[in-house]
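Taking the hints into account, I'd like the entire structure generated from these sequences.
Respectively, the protein sequence lines represent chains A and B.
In this text, residue positions in the first sequence follow numbering that gives the first Met the number 0: the first is 0, and each later residue adds one.
In this text, residue positions in the second sequence follow numbering that gives the first Met the number 0: the first is 0, and each later residue adds one.
Because the hints were derived from the structure by calculation, they are not lab data.
One thing to keep in mind: the hints can contain errors.
All copies of an identical chain are treated as equivalent in the list; a pair is satisfied when it fits inside any one copy or across any two copies.
What the hints assert, rightly or not - With a straight-line cut-off of 27 Å between C-alpha atoms, the simulated DSS-like cross-links for lysine-lysine are:
1. Lys36 <-> Lys8
2. Lys66 <-> Lys226
3. Lys258 <-> Lys66
4. Lys235 <-> Lys296
5. Lys235 <-> Lys66
6. Lys66 <-> Lys230
7. Lys299 <-> Lys258
8. Lys21 <-> Lys331
9. Lys321 <-> Lys156
10. Lys156 <-> Lys296
11. Lys334 <-> Lys324
12. Lys258 <-> Lys152
Now for the letters of each chain:
Number of protein chains: 2
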Amino acid sequence: MCQLSNVCKRSSYQVIINDFGKPNEVLEGVYVEVPNKLSSNQILLKVLMSPINPSDINMIEGTYHIKPSLPAVAGNEGVGEILEVGGAVQDHQVGERVIYSVADRSQCQLGAGTWRQFSIVNETNIIKVPSNISLIGAATLAVNPCTAYRMLKDFVKLKTDDVIIQNGSNSAVGQYIIQLCKYWGIKTINIIRGRQEDEKEQLVGHLQNLGADIILTEEDRKKGALKDILKSLPEKPKLALNCVGGDSSAHLVNSLRQKGVIVTYGGMSKRPVMIPTGAAIFKQITAHGYWNTEWMKDYKNSPERMEMITELCDYLDKGIIKTPKAELFYIKDFKTAVSESLKEFKTSKKVLVMDETLKC
Amino acid sequence: MCQLSNVCKRSSYQVIINDFGKPNEVLEGVYVEVPNKLSSNQILLKVLMSPINPSDINMIEGTYHIKPSLPAVAGNEGVGEILEVGGAVQDHQVGERVIYSVADRSQCQLGAGTWRQFSIVNETNIIKVPSNISLIGAATLAVNPCTAYRMLKDFVKLKTDDVIIQNGSNSAVGQYIIQLCKYWGIKTINIIRGRQEDEKEQLVGHLQNLGADIILTEEDRKKGALKDILKSLPEKPKLALNCVGGDSSAHLVNSLRQKGVIVTYGGMSKRPVMIPTGAAIFKQITAHGYWNTEWMKDYKNSPERMEMITELCDYLDKGIIKTPKAELFYIKDFKTAVSESLKEFKTSKKVLVMDETLKC
Numbered sequence: 000m001c002q003l004s005n006v007c008k009r010s011s012y013q014v015i016i017n018d019f020g021k022p023n024e025v026l027e028g029v030y031v032e033v034p035n036k037l038s039s040n041q042i043l044l045k046v047l048m049s050p051i052n053p054s055d056i057n058m059i060e061g062t063y064h065i066k067p068s069l070p071a072v073a074g075n076e077g078v079g080e081i082l083e084v085g086g087a088v089q090d091h092q093v094g095e096r097v098i099y100s101v102a103d104r105s106q107c108q109l110g111a112g113t114w115r116q117f118s119i120v121n122e123t124n125i126i127k128v129p130s131n132i133s134l135i136g137a138a139t140l141a142v143n144p145c146t147a148y149r150m151l152k153d154f155v156k157l158k159t160d161d162v163i164i165q166n167g168s169n170s171a172v173g174q175y176i177i178q179l180c181k182y183w184g185i186k187t188i189n190i191i192r193g194r195q196e197d198e199k200e201q202l203v204g205h206l207q208n209l210g211a212d213i214i215l216t217e218e219d220r221k222k223g224a225l226k227d228i229l230k231s232l233p234e235k236p237k238l239a240l241n242c243v244g245g246d247s248s249a250h251l252v253n254s255l256r257q258k259g260v261i262v263t264y265g266g267m268s269k270r271p272v273m274i275p276t277g278a279a280i281f282k283q284i285t286a287h288g289y290w291n292t293e294w295m296k297d298y299k300n301s302p303e304r305m306e307m308i309t310e311l312c313d314y315l316d317k318g319i320i321k322t323p324k325a326e327l328f329y330i331k332d333f334k335t336a337v338s339e340s341l342k343e344f345k346t347s348k349k350v351l352v353m354d355e356t357l358k359c
Numbered sequence: 000m001c002q003l004s005n006v007c008k009r010s011s012y013q014v015i016i017n018d019f020g021k022p023n024e025v026l027e028g029v030y031v032e033v034p035n036k037l038s039s040n041q042i043l044l045k046v047l048m049s050p051i052n053p054s055d056i057n058m059i060e061g062t063y064h065i066k067p068s069l070p071a072v073a074g075n076e077g078v079g080e081i082l083e084v085g086g087a088v089q090d091h092q093v094g095e096r097v098i099y100s101v102a103d104r105s106q107c108q109l110g111a112g113t114w115r116q117f118s119i120v121n122e123t124n125i126i127k128v129p130s131n132i133s134l135i136g137a138a139t140l141a142v143n144p145c146t147a148y149r150m151l152k153d154f155v156k157l158k159t160d161d162v163i164i165q166n167g168s169n170s171a172v173g174q175y176i177i178q179l180c181k182y183w184g185i186k187t188i189n190i191i192r193g194r195q196e197d198e199k200e201q202l203v204g205h206l207q208n209l210g211a212d213i214i215l216t217e218e219d220r221k222k223g224a225l226k227d228i229l230k231s232l233p234e235k236p237k238l239a240l241n242c243v244g245g246d247s248s249a250h251l252v253n254s255l256r257q258k259g260v261i262v263t264y265g266g267m268s269k270r271p272v273m274i275p276t277g278a279a280i281f282k283q284i285t286a287h288g289y290w291n292t293e294w295m296k297d298y299k300n301s302p303e304r305m306e307m308i309t310e311l312c313d314y315l316d317k318g319i320i321k322t323p324k325a326e327l328f329y330i331k332d333f334k335t336a337v338s339e340s341l342k343e344f345k346t347s348k349k350v351l352v353m354d355e356t357l358k359c
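Quick look at the structure:
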């Protein structure tokens with residue numbers, strides 16, 4: 000055990016879930032004292048930023064697959080700076096920038112979320128990241144870019160000029176899919192929800208800038224636009240990435256080539272994944288689900304994970320991938336941030352900043 | 000080239016598809032002359048029996064994934080006896096009993112169906128079967144028992160006391176699934192369509208005799224009976240086999256354990272396979288389709304296929320698996336046979352017999 004160098008006890012503001020329900024009715028901001036002793040393998044982090052992801056909201060609502068014991072601190076990923084290390088810690092040093100995510104912790108610590116100013120974590124539960132990447136990039140690295148990366152790597156072998164198709168293409172994951180594919184030479188067909196003409200134009204422009212090859216709306220798809228697009232391709236998509244479900248997923252499946260694969264990582268329509276029976280049998284389509292939390296648990300501290308994080312940090316540093324537009328909120332304004340994140344057509348990711356001076 | 004020993008030309012009655020549509024409007028029975036010359040690798044078969052499978056009907060209706068060039072002979076599997084062999088044939092002899100199925104032939108020969116009295120086939124397209132197994136067993140071996148066998152072998156590793164769940168359990172494939180599982184020590188949960196009480200009782204008795212562990216109707220399932228059944232099991236099913244689709248498939252998926260697998264081989268409800276999004280993502284369920292025709296093409300003349308056929312013939316011989324109840328029709332009565340096969344609640348498989356003397 001070692002003593003924190005700062006003898007005065009630190010006070011940490013954190014957002015806790017008191018009960019499952021409507022976020023702004025059940026969340027509460029409170030001050031707690033940070034324990035002033037670290038055990039030998041613990042690390043004290045000054046948390047810098049933590050995003051509001053859809054799964055955070057589901058967890059607060061009690062609709063997520065995993066329910067923490069209450070009260071629990073909200074938030075599931077973030078970036079921090081090491082303030083103190085326990086006596087036996089060898090692989091980390093004070094001043095390092097690290098990312099951490101709740102999937103790294105055991106089930107009983109699920110409540111130990113990231114929407115807080117200071118956090119004591121086990122040394123094996125953090126990953127060092129270079130300090131040249133943006134704080135927003137680091138804070139949002141563990142979930143969305145990793146989800147995009149793994150879905151493109153783990154289910155089919157993609158090579159240059161292969162085609163993938165996705166729906167919900169404007170989601171944070173969708174935008175990383177576009178950028179990774181662009182860099183890897185893979186063509187993307189991107190379906191987005193319909194919206195007002197000027198807004199649509201802006202979004203299409205944004206996705207094209209990221210590297211999207213083909214963009215169409217769900218409405219275009221329903222009118223048969225996808226068929227014409229597929230006819231124009233030398234080969235049909237090998238992989239479909241689905242975060243919508245329902246009819247939209249059935250159309251993704253129908254657009255796949257023989258022995259194609261659909262991977263589901265979300266269900267925005269609240270409808271099940273639908274696989275037309277003929278496609279399942281005669282086209283030999285396989286459907287998988289991808290859950291980042293599970294992958295991180297299975298591959299904790301694995302070479303695969305370190306390789307991915309290193310590669311993604313490099314891409315962020317070189318501007319090969321850009322983080323989706325983000326809007327920063329001081330942690331004490333979490334209610335406004337959460338309300339904004341609940342709006343149907345969001346144009347930016349909401350990120351909590353733990354130190355008001357970092358906000359700009 | 001070699002001359003057929005019987006110089007008189009043979010006449011063969013066969014059922015041809017003239018057009019795609021309602022079976023008894025588009026099927027026609029005709030006599031054709033059997034060519035009296037075999038090329039060096041050809042074999043002349045006296046066809047003995049050929050079943051009417053649902054996929055035969057779909058092919059006639061034009062709704063099947065594969066459409067033969069018309070006119071085409073109907074039927075896709077059967078058993079025959081070798082009458083003559085070409086000059087270069089070494090692995091087969093006159094008098095042998097063999098099974099053959101259309102999946103063994105190239106796309107352009109799809110029309111060369113099995114509802115006929117004589118057939119000239121390539122030597123690589125037939126498989127010898129022992130003459131001690133029943134003709135009905137041999138005639139129906141290539142599709143349904145193989146489908147059941149492969150679905151139980153190829154998608155998850157099942158061990159003694161594992162549980163599988165299936166719907167449409169009274170289908171021919173479903174009955175083989177029950178029997179193979181019984182013999183291999185695997186427990187089965189079997190969902191059947193609801194029907195009148197006396198008929199249901201009879202069917203339940205029949206499936207229990209085959210070795211079914213748990214039987215419930217789709218109506219019981221909708222009322223929540225499946226939940227109670229699952230609670231009573233030490234472990235949830237590892238594998239679900241689906242020939243219904245729609246809600247029924249969603250319930251199969253929900254009954255699976257973590258990382259369970261659903262395999263679809265039919266879609267009697269005409270609804271797509273439905274995979275609840277939460278199950279796809281958080282339970283990491285994988286969905287596959289199984290198409291026997293494709294498997295047979297991929298594994299033509301493979302050791303895996305020979306091993307399976309040998310094993311299934313042995314099971315048939317020893318009574319470990321029984322063929323579903325069959326009703327025999329002389330080929331010239333094909334219209335009656337087809338009409339009977341189209342009835343909604345069938346209690347037996349309809350099988351065409353090519354030689355009237357074999358009918359009893």
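Quick rundown of the hints versus the structure:
no. : hint              : verdict
1   : Lys36 <-> Lys8    : within (10 Å within a copy, 100 Å between copies)
2   : Lys66 <-> Lys226  : between (42 Å within a copy, 22 Å between copies)
3   : Lys258 <-> Lys66  : between (36 Å within a copy, 20 Å between copies)
4   : Lys235 <-> Lys296 : between (34 Å within a copy, 22 Å between copies)
5   : Lys235 <-> Lys66  : between (40 Å within a copy, 22 Å between copies)
6   : Lys66 <-> Lys230  : between (46 Å within a copy, 21 Å between copies)
7   : Lys299 <-> Lys258 : between (31 Å within a copy, 19 Å between copies)
8   : Lys21 <-> Lys331  : within (18 Å within a copy, 70 Å between copies)
9   : Lys321 <-> Lys156 : within (24 Å within a copy, 43 Å between copies)
10  : Lys156 <-> Lys296 : both (23 Å within a copy, 23 Å between copies)
11  : Lys334 <-> Lys324 : within (20 Å within a copy, 67 Å between copies)
12  : Lys258 <-> Lys152 : both (17 Å within a copy, 19 Å between copies)
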